[in-house]
Each structure stands twice: as C-alpha cells, then as structure tokens.
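Enquirer: We have chain A already, so just place chains B and C on it with the hints.
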Amino acid sequence: MSAPAVSGQAPIVDPARPGDSLIGASVPRLEDDALVTGRGRFVDDIHMPGLLQAAFVRSPHAHAAIRRIDASAALALPGVHAVYTCEDFRPYLATDRLVVGLPSSHYKQDHHRQVLAADEAVHVGEPVAIVLADSRYLAEDAATLVEVDFDPLPAVSDCRAALAADAPLVHRESPHNLLAEFDMNYGEAARVFSEAEHVFRDSFWQHRGGSHSIECRGCVARHDALEDRTTLWTSTQMPHAAARVICEVLGLHENQVRVATPDVGGGFGPKLVTYPEEICVTLAARLCGRPVKWIEDRREHFIATTQERDQYWDTEVAVDDQGRVLGIRGTIVHDHGAYTARGINLAHNSAENVPLGYEVPHYAMNVKVALTNKVPVTPVRGAGHPQGTFVMERLLDRVARELKLDRAEVRRRNMIPAAKMPYRTQLKARGGEWVTLDSGDFPACFAEALARADWNGFPARQAQARAEGRYLGIGLSNFVKGTGRGPFESVTVRIGPSGKVHVYAGAAAMGQGTRTMLSQLVAEQLGRDLSNITVTTGDTAATAMGLGGSNSRQTVVAGSSAHVAAQKVRAKVLKVAAVLLQAAEAELEIVGAEVVVNGQTARRVGLGTIARSLVGTAGYSLPGGVDAGLEATEQVLIDEMAFSSGSAVVEVEVDPETGGVTIRRLVFVHDAGRMINPMVIDGQLAGGIAHGIGNALFEWMGFDENAQPVTTNLGEYLLVTSTEMPRMELHHRESPTPGNPLGVKGVGECGVIPMTPAIMSAIEDALSPFNVRISQTPITPAQLYALIEQGRQS
Amino acid sequence: MDTTLSRTISLKVNGSAVQATVDVRHTLADFLRHQLELTGTHLGCEHGVCGACTVLVDGRSARGCLMLAVQAHGREVTTVEGLAGADGRLHPLQQAFKDHHGLQCGFCTPGMLTTLSELLADNPDPSEAQVRVAISGNLCRCTGYQSIVDATLAAAKSMRASGAAR
Amino acid sequence: MKPPAFAYHDPGTVDEACRLMSTLDNARALAGGQSMMPMLNMRFVLPDHVVDLGRIASLAAIEEGQEALRIGAMVRQRDLEHSPVVARRCPLLVDAIQWVGHRQTRNRGTIGGSLCQLDPAAELPAVCAALDATLTVQSARGTRSMPFAEFPAGYMTPSLEPDELLTAIELPDWPQGHGHGFVEFARRHGDYAIVLAAALLAVDAGGRITRVSVTLGGIGPAPVRVRAVEQALVGQVAAAGLFREAAEACRGLEAMEDVHAPASYRQQLAVVMARRALDAALASLAPSRGTAH
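If you read the sequences in order, they're chains A, B and C. Residue numbers for the first sequence follow the numbering used here, so the first one is 2 and each next one is one higher. Residue numbers for the second sequence follow the numbering used here, so the first one is 6 and each next one is one higher. Residue numbers for the third sequence follow the numbering used here, so the first one is 3 and each next one is one higher.
Isolated chain A, as found in the complex:
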C-alpha cells in the first residue's frame, strides 16, 4: 500500500510551490471529517417536519395472480395515513411501467417493472402496495394488515429449466421464457475446432450475489406546492436517470422533479437502477401533501434490490501443441430475473470479457438470457466481467494441465504483447464500435506479479509444507476490464464572487472519494488549495445532464470534463488578471484564492475580485474582452473505453479434512493508467478484492425450486469479514491511456475481476494430490470436501 497521507502537518501540496502537483498525490479525502464524526448526511439522516414513513407490502410468492387487495384494516390503524395500490396510483401515471432497458436488437420480448404489481406478481419481494404512517414501526404494523388475495402460479427458479419447452411461464402471458439471445462471434471457430490438435471442454456454474452496500436503498420525497416541484433525495448512483424515469412515469416535466443524492453508503451496482419504490415515494408525497421517507431494510434488500446470479457456461478451447489458443467457443445461459431493469449488458460483458487479455484468433459464444421468477439481475461491482475472466483463466489452467505446462507459461504464450498496443480486437462493444485495447503492458505486469509473489520459489515452499502435512497452493489470474464508459459526464467549474471555486458534476458520489478526485483535478488548475473548492455531485438541479456512477467511469469521464473545464476557467482567470494587474499572463500564477505576479505578494488580485468583475456591472464593459461569467461547463466526449488491467497471484492453504480454505498471501499488480490519488486507488482495489474473495468463497444468494429465496439475512448470506481477509499486497504500474486528456483509467471494479479464477487455481494446486477440479464459483467447504473425497476415491 502506498504511504498514508501525513496529517497534522503542512499540507502535502504547497499551493505556492509550483513544482508541487496535486495529481498523483495521496491527499486526505475531503469527505472524511464529516464521516468519522457522525456528521455525514445519508438519506435516513434527513429529518423534516411532518415526515411520514413508508413500508411496502410485497409479494411473498415467486409467481401469483393478484385477485383483490383490501387495505381497510390497515387504514383503520391509528397513525396510518394512506395505503396506495397500483389502482390508486393509476390516475396519476402516464405509464404504469418503468421502461429503462439499454437498447439492443437482441430482445425477443420486453418485460418492464410495474410501479406496483397490479394483476400479477412475478418475484418474491415485488412491491404491491405502499403504506404511509407516522413511524416505520406503525407502517410495518399496517403493512401486515393489508390483505392481498394471491393466487399462486407455477414459478421458474432455474434459468436452464426456464428454457425447456414445457417450463412454466415466468409471465403468464408471454410466449416463452427466452428474453434475448445473441451470438458474439468472430473468425472461423467451427473450422479451427475441426482442425485443432487439442480441444478441451469444460462446463462452469458461476454465481454472484447481491451488492450489499452497508447502507441499503432509501429515499425521501417532499413536494413543494409553491414551486410545483417535488424533490427526491435518494441513495442512487444515477440521479439524472431517476429524474428522467420519474418524469416519464408520472407525466411531469423536468422542472417538476429534482433528484439529489445525499451521502451514499456504498453503491456497488444495484443503486444505478431506478426502482419502483422511488416512483411510489415521489407520487405518494405529491398525493398526501406531506414528505415521505422510505428506508429499505436488509430483508427488502435481499428480495427487492437487483443482484447478479447464475450463469451456466459450456465451453471449449482449441490449442496447438505449444498451448497457444486457436479458438474458444461455447454457450452461456444467463439468469435475467423477472424483468429488464437494466438490459442484457451483463451477459454481453461476460461474453466480451473472455478473450480480452489474450490473443484469441477465433471466438464463438452463444448467449441465452432467460427469464426466471426472481428479482431482476443487473450489474454488481464487476458487471459480468469477472465471469468472463473466470472462464478464460480456468480454460488456460486446463490447457496447462493437459499439456503439462507451467500455468504461467501458458499465459505468457497467449498474452497480447505490449508492442501490439493499441490492439484492436475483433470484438464489438454494445454500442457497435470495435473494442480496442488502448494501452498497457500485460506481460510486464504479469511478470511483476509473479516475481513479487515468488512464483518460481513456490514449489519448494509447497513441498516443505506438504512434508508437514499442510496443503498449500498458488494460483494466478490476469484480467482486462473496460472502464470509463462514455459518452461523457457533465462538469461545471465556476468561481463565485466569494473567490470559492465551485464544481458541479453529473457524477454521483457513492463513497469512492469522487469529491476529492474532482477537487484535486480542479485545484491543480486553480490555485492548488483544496480547501477553496466546493463540489456538488448528483443533483439534477445543479447539473442539467449527467450519467452518474457505473462502470468504473467517473474519474475517466467526470475527471476529464473537470480537468478541461478547470483549464478553461484558468485561462480566463489569467486573461482577466493580466488586465487587472497590468502584467503579462506568463508572469502570473494562481496561488490559493489569488493571482500573483511573479511571486510578488504585493501585486495580486483575488479570484473573487476577478469573478465579481465578470458578473458585470450595469453600463460597464467586461475587462479583457472576455465573455461573461467565470465558469466553464464541459462534456468531454469519450467513446472508447479505457482498459485497466492487472494480475493477481494468490496463495491458499486448504484443510483437506474440512474443505476449509485460508488465503495466505495475495499479490495484486494493477495498471489504471495515470493515478490521481494513489491512496484512494488502493482503497478501491482492496474493496474490490474483498468482494471477489466473497464471490469465490462466501456469497451465495440461494433460492429453492419454487424460487423462494433461502438466504435473506446476513447470517445466511455471508459477506467476507476482517478475519477472513488476507493482507493484500497492492502494486501499481502506470500506462496512461491516450483516450482521455488525463491518461486515467477506472479502478472501482477492478479488484473483483481476477479473484475467483486465481483462488480456484490456487485451491486446485493445493489439492493436486487429490486431483480436484473446480468448475464453479463460489465453492463452499462442504462442496470442496466432496470434491476431495471424490478425488481420494478415484
């Protein structure tokens, strides 16, 4: 890890010292003072007079017809103010569905979520009615008194079974359960496979669970009749999308809805989705005339917040005698859940990620996206990419084993050499453009990881441990991850008459230090004093356009816009200051909140003075012939992704008597291009790694054959804890991308990507005496023990 920022001493960057740069400095986060003292403002911390608390009545059935809803007993309870069903809402709805799916030509049917389930509920947890009461306690009391006459229907749990000809229908009126199908192909896979020297076939089950940000979802809506505007404070990654969907569903225009994000207690993907609850709370506040708060509880998070789930892969790899990959082909069945809450991007990402880091000349992947009677599937940190990496890396391990090659050597023979960068793959991204790897030296990164982990020395350590009866193993994985998805993020930089520099961004902060990142970039241009910067993110009233937080994008897209906007403001500051100070622009430097001539403290002008001169005085022209206002708004357009990459090496110890796995060592070498704040990058990586370890060994969102969830609390659904985490050794390389003005790449999801294959590779290595083969993730001790037993007996 990088050295911690030093506190209680002089600031790391001296604004007056021109050589000091804020870019690449581990400056302490601006967010932290409030958060360590309990002064953060999360959505549930919003108090206001007259606030009503909401609870939702939800379907207990995976699939049921709704015959009748009777709220009379609930309404009779003292302290209960309203119960609304879809029928109650309908007069105020322009549409009763949330149409949000990303465009694609591959859909075979559309299934959009209902504002509230009216006639048919298609997953456990689907909201059916909203109850408003004086307290959440009372609202929950009342919710249990709402009588819903459900008529249970057959439900589909397994996504493979969903595609059988005689499967029950997820939606009773749809023709079948195939939501979408597509092929991701290039080259001539069929020919290559018929001619290859070696073809190896493997099937995999991959599962990922929920996001489980420690803060669940939640929102507060307040309607202001004076302004005819409803403000929704919501814990979301995409406030602008939420405002748009709310306007569409409620038939309102943009000035009638403001969406703002308070502090967000983690996002990790599912908070990028706009949810029925946000619509319901907004409308309820408009109807009842009082502010309404709904705070999701953890049980609701398990059943009503989107998650990732199952993918079943059947794959083949064709190689030559040297272990060079000639082609990969196969099929994926992807569990989509009951509705399209985001799109088929997850399955697309998985299929696209497989060949990304290696030279794979021919590729053919058929993807079937299957409906099931479960809560919808949308991206969770990693968004389908870990699954693609898992398959590629597992197949390479297979090749190594079959051809009796070192696992690292097989990678080396197939990696894309640095000399070929930028490397145009034969893949097409979801927007249709070619996938081009922008920069990086994958083999060098890999070599560094192996060297740091002493890959070559491991066999001796392993042999020694085995002599003591201990089973150590080492595993590895490389990965490449597209980050910074465009087309843009909107950022305004404005210097006010106070001299403060205000930044307004369509980016959405969810705990990653977005405010600090933007401040660093802007301050670098405008005086290098972080305390002189304010940042407003995630507020549709402050920024007209915004895409928000997803796909490890914000430093790339929002950072680039902030950088360019700040440069423009800087140019204007210097131009006007030159007039005011009667100096040449080249003599000027911005130091803190002032412009100084040649470091002479006597000749200076404040940023506030310059800003005041540009807001205009009636009858006087602006100085320097510039246009009005000291601000710039930028949407730097970036269509091509910035590809982060890295290599992980993991050492495990396995207890063959219990199937227990302990991670002993973890080396991670990462390349996210130019680093803005190494401390924050380490933090992002570490969190992703922990998530990936959870996906390998702990997290399982279980459902029974009737699609009833069986893991609905944090005692049953296991998140990785401090005692299960190894010490992480994090190292960085910097291959700046030419794709944006800063040379930066995303990092938020990267830690996750290589963890499952690296851990499985290590476990297999530890258990090589038992010939254990792992074709799934996660794996539990019980399942691993069964494999050990199988190996013992064969």
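Just so you know, these hints were derived from the structure itself, not from any lab. Hints are supplied without guarantee of correctness; some may be wrong.
[Stated by the list, open to error] Here are the computed distance ranges between Cβ atoms for each label pair:
1. C:HIS191 <-> A:GLU706: 28 to 36 Å
2. A:THR332 <-> C:GLY243: 25 to 33 Å
3. C:GLN100 <-> A:ARG425: 54 to 62 Å
4. A:ASP407 <-> B:ALA134: 30 to 38 Å
5. C:GLY179 <-> B:ASP63: 35 to 43 Å
6. A:GLN791 <-> C:GLU247: 19 to 27 Å
7. C:ARG45 <-> A:PRO155: 52 to 60 Å
8. B:ASP63 <-> C:ARG72: 21 to 29 Å
[Claimed, not checked] Anything over 10 Å on all C-beta distances counts as not near chain A; from chain B, calculated:
9. THR9
10. LEU10
11. ILE14
12. GLY20
13. GLN24
14. ARG30
15. GLY64
16. ARG65
17. GLU86
18. ALA91
19. ALA126
20. ASP130
21. PRO131
22. SER132
23. MET164
[To be verified] Pulled a few chain C residues facing chain B out of the computed Cβ check, cut under 8 Å:
24. MET3
25. ALA7
26. PHE8
27. GLY35
28. MET39
29. ASN43
30. MET44
31. ARG110
No residue lacks a Cβ here, since even glycine has one placed at the ideal position from N, Cα and C.
Expert: This is chains B and C only, laid out in the frame that chain A set:
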C-alpha cells in the same frame, strides 16, 4: 402513562444528561437517530450482524439495534458523535481512519470506531490479529478491512505515545 | 424491520418475574437480547408482553460452590470470558466463549439466553452437555432442577413451561489440571459452527485416561455426548494418535442436513472436530497431568 407501553427514561448521552419519553418497542438505535437526532449511528441490517449501529453502553460496545431504548435508562451511552474531544479534536482513531483511508462510503465507520475505541481502552497494544477479531462483527463492503486494521494499529501507537489511552 | 408492539416489563426480582410470566398471556422473557431482538425485529416472534430480566441482580452472579460453579442465567458472556474464577474452575467455558459471536454480542449476550435459544450449533449448550451441567428453573409454582441432558425438548426448544425461567447453571468441577479442548468449524470467525466439539480429559499419574467427555454440536438438534468415544478411551494411555481411531465412531452419528451442509459432511466434521478437541485437551493437560479424583 402506561409504563408498559411508553416510558420516560433518563440517561447520559455523550456526556450530557438526557430525559425522553420513548415507546418501549423502539430500539436504542432508532431512539438515538430519530428522537435525539444523533444520526451518526447507522442501521445496516437491524438483525445484529453488520455492526454499523454499534454504540458504547457504559463503555461497552453494543449493537444499537439489539437493545431497546428503555434498556438504556440510567446508562451512559457514547455514540460516534461523542468520540471527539469537547474541543473538537478528533479521537486518535478518527484521525488515523482519515490518515490511512480507513473509510470510503463511511456507513460502517461509526460502528468500527466505537468498537475499536473499546478495544483500545481494553488493550492499548493489540496485535493485527486481535484488531481483526475485534471488528469481525462489523461488516465493511468498501475497504477490504486492511486500511481499518492499519489505522487502528497506528492509532494505538499514537495513543500509547501520547499516553492518551481512554 | 422493526419490533412489533408489545408491553414491556422489567421486574427487579426473580419472584416478580415469575409472577409476570405466570399471569401474562403470550409473554416472552428477554435476557441479553442477542437472539431475541433479531427475532423481534424480523417479527419472527410476536409476544404481547416482554419480560426483561436485565434488572434482576441476583441472576447476574457467579458463585463458587464446593464442587461446582454456579452461574446466574443473566451473567453476560463477556463476564464469563474475563472471570478469573471461571478460568480457574471451568477453563472449557473460557475456551468456548472465544467462539461465541463477537465482542459486541458477548457484551450483552447471557449464558441463560444462549441456553434457552438452544441453537443446535451454539457453543454454550455444548459446554453444558460436556460438563453435565445442572440447571435451575423457577416459576411461580416453585423451583426445580434438571440435568442439562433433559433440557432440550426439540429443535431450538428447551423443556420449559411458558411460565418458567431458567435462573442458574451449575457446572461441576473437573479435577485440577484436567485437559480441555474446544474447536469448531464455522464459515467465518464468530459464526455459528457447522460442527463443534468439546472435550475434557483427566488422566492418572501413569497418563491413563480416567475420565473423558466428548460433545458435538451442530450434528443434531441438541448437543450430543459421544459415549462410544468416551467409553473407548477410558483406561487408555493418553497419547498423540490415540484419538484418530476413536473419533471415527462419530461418523455413525445421525446428522442434520440443510442447504449449507449435507449430513455426510457434518459426519466428517464430527470425526475431525472430536479428534481435534481431544488433541487440544491432551495438549492442555497440566504438566503434572492432573490426577483423577
């Protein structure tokens, strides 16, 4: 007042005497958050697993979601808002969390800080393993815990150096 | 996820608590609340009355008897963890308590609460089974005592009448210097075990086993004493390797099955945990190899 349904309780919160009437079924966490508006204590699961709502009751860490407010009668409760000094100077743990990037979204942080302040009061010189065990009942989804562990060890060191163990 | 409405009572004496339990309909006793409160929050239990035992000082005492330690039902797990008396007279309990939940839950959680919750994989019931604890149960109708073996009536169900309260636990002494071991296999630190084992060992001057206790948790609805293993070991000379064969008998135990672990896996863990607990007990024997009484 039917004292089986609501009660007036007296307690000390972050050093100040508090008297309030509470519904008997309200949890201590909800009482702190909604009645006293001490919103630093966060609710992450409400079934005693995540640890975000941890507060100190008579100096002992406790899940705020697993205590009723009425049970705090006569007790001294410390929340994250009460960790810093009266002069606003951060507790060494708070400072170390900042310095070592021991937080990202900050939602689990109050429970981490209260739990660890108890640990350091009990054991001014914990090993890394002891720190990890101490927070094994506190879930964090952002940090992977390492920076929290590092921050705690650094805070312990600075507290030992300054003799400010509390 | 908020508790349902209930009436709250916090009696100051056991007698008053018993009176409330006998007169109120649908009343639940609240001990440390570390299992009961989640169930209330999730509305898995819907009592009309909650009788909080937290103010009853007499239930919070650890008393040293002639041949047993008497622990009040409301003694907090943390106090057991740090009690020098417990460490001296009942080291197995200290071993076990390290595995119970987390520091925040041990600060509030009580021994009596854990026993009445009777989770099949909980540590403290296993300790009581291992030590042949005697439980004191009180109600307005009187006081009775029962061996722990009779306490479990079914899955997570103690054999208590609705008006009865568990008030004390007597843990009989083992010889000074006896061996004690407690191990478990759980998915994460602090989780309920999948399978746990407790072992106690006393040997004579020649190292021959005079008395042994082997208990498994997580196998059946209640802790299981594995008499077959105990009988096979008595009279043998305690030495490394002895337990490997003996523990195999655990594989024949009937085991629970759920989505997290099949029965055969629990049986495997039973063998391994029993052996490791015995190994730990052997390793902990005082150098003098405490003589049996």
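Enquirer: Please go over all the hints and tell whether each is borne out by the structure.
Expert: Going through the hints against the structure:
1. Taking 28 to 36 Å as the suggested C-beta distance range, the pair HIS191 (chain C) and GLU706 (chain A) conforms, at roughly 33 Å.
2. At roughly 52 Å, the beta-carbon separation of THR332 (chain A) and GLY243 (chain C) lies outside the given 25 to 33 Å, and the hint is violated.
3. About 58 Å separates the C-beta atoms of GLN100 (chain C) and ARG425 (chain A), a value consistent with the hinted range of 54 to 62 Å.
4. Our hint of 30 to 38 Å for ASP407 (chain A) and ALA134 (chain B) holds, since their Cβ atoms are close to 34 Å apart.
5. Take GLY179 (chain C) and ASP63 (chain B): their Cβ atoms lie about 37 Å apart, and the range 35 to 43 Å holds.
6. In this structure the hint that GLN791 (chain A) and GLU247 (chain C) lie 19 to 27 Å apart at CB holds, the actual value being about 24 Å.
7. Range check, ARG45 (chain C) to PRO155 (chain A): about 29 Å between beta-carbon atoms, so the 52 to 60 Å window is missed.
8. Our hint of 21 to 29 Å for ASP63 (chain B) and ARG72 (chain C) holds, since their Cβ atoms are close to 25 Å apart.
9. Its beta-carbon lying about 16 Å from the closest one in chain A, THR9 (chain B) satisfies the requirement of being farther than 10 Å from that chain.
10. Against the 10 Å criterion, LEU10 (chain B) stays outside the reach of chain A, whose nearest CB is about 12 Å from its own CB.
11. With a minimum CB-CB distance of about 17 Å to chain A, ILE14 (chain B) clears the 10 Å threshold, and the non-interface call stands.
12. At roughly 14 Å, the least C-beta separation between GLY20 (chain B) and chain A is larger than 10 Å, which holds for a residue marked as non-interface.
13. A cut-off of 10 Å between C-beta atoms confirms that GLN24 (chain B) is not in contact with chain A; the least separation is 20 Å.
14. Residue-level check failed: ARG30 (chain B) sits 7 Å from the nearest beta carbon of chain A, not beyond 10 Å.
15. For GLY64 (chain B), the condition that its CB be more than 10 Å from all CB atoms of chain A holds, with the nearest at approximately 18 Å.
16. Listed as a non-interface residue, ARG65 (chain B) keeps its Cβ farther than 10 Å from every Cβ of chain A; the least gap is roughly 19 Å.
17. Consistency note on GLU86 (chain B): stated as away from chain A, yet its beta-carbon is not over 10 Å from all of that chain's, at 4 Å minimum.
18. At roughly 13 Å, the least C-beta separation between ALA91 (chain B) and chain A is larger than 10 Å, which holds for a residue marked as non-interface.
19. No beta-carbon of chain A is positioned within 10 Å of the beta-carbon of ALA126 (chain B); the least distance is around 18 Å.
20. Remark: the non-interface label on ASP130 (chain B) is consistent with the geometry, its nearest Cβ contact in chain A lying 18 Å away (cut-off 10 Å).
21. With a least beta-carbon separation of about 13 Å from chain A, PRO131 (chain B) lies farther than 10 Å from that chain, consistent with its non-interface assignment.
22. Here SER132 (chain B) stays apart from chain A, with its beta-carbon at least about 13 Å from theirs, past the 10 Å limit.
23. A cut-off of 10 Å between C-beta atoms confirms that MET164 (chain B) is not in contact with chain A; the least separation is 14 Å.
24. Nearest Cβ of chain B to the Cβ of MET3 (chain C): about 4 Å, under the 8 Å cut. The hint holds.
25. With 8 Å as the threshold, the beta carbon of ALA7 (chain C) comes within range of chain B, its nearest partner Cβ sitting at about 6 Å, so the hint holds.
26. About 6 Å separates the beta-carbon of PHE8 (chain C) from the nearest beta-carbon of chain B, less than 8 Å, and the hint is met.
27. Restraint check, GLY35 (chain C) versus chain B: the minimum CB separation of about 5 Å is within 8 Å; hint holds.
28. Hint on MET39 (chain C) holds. Least Cβ distance to chain B is approximately 4 Å, under the 8 Å limit.
29. A least Cβ separation of about 5 Å between ASN43 (chain C) and chain B falls short of the 8 Å threshold, and the interface hint therefore holds.
30. Checking MET44 (chain C) against chain B by beta carbon gives a least distance of about 6 Å; that is within 8 Å, so the hint holds.
31. Interface hint at ARG110 (chain C): satisfied, since its Cβ lies 5 Å from the closest Cβ of chain B, which is below the 8 Å cut-off.
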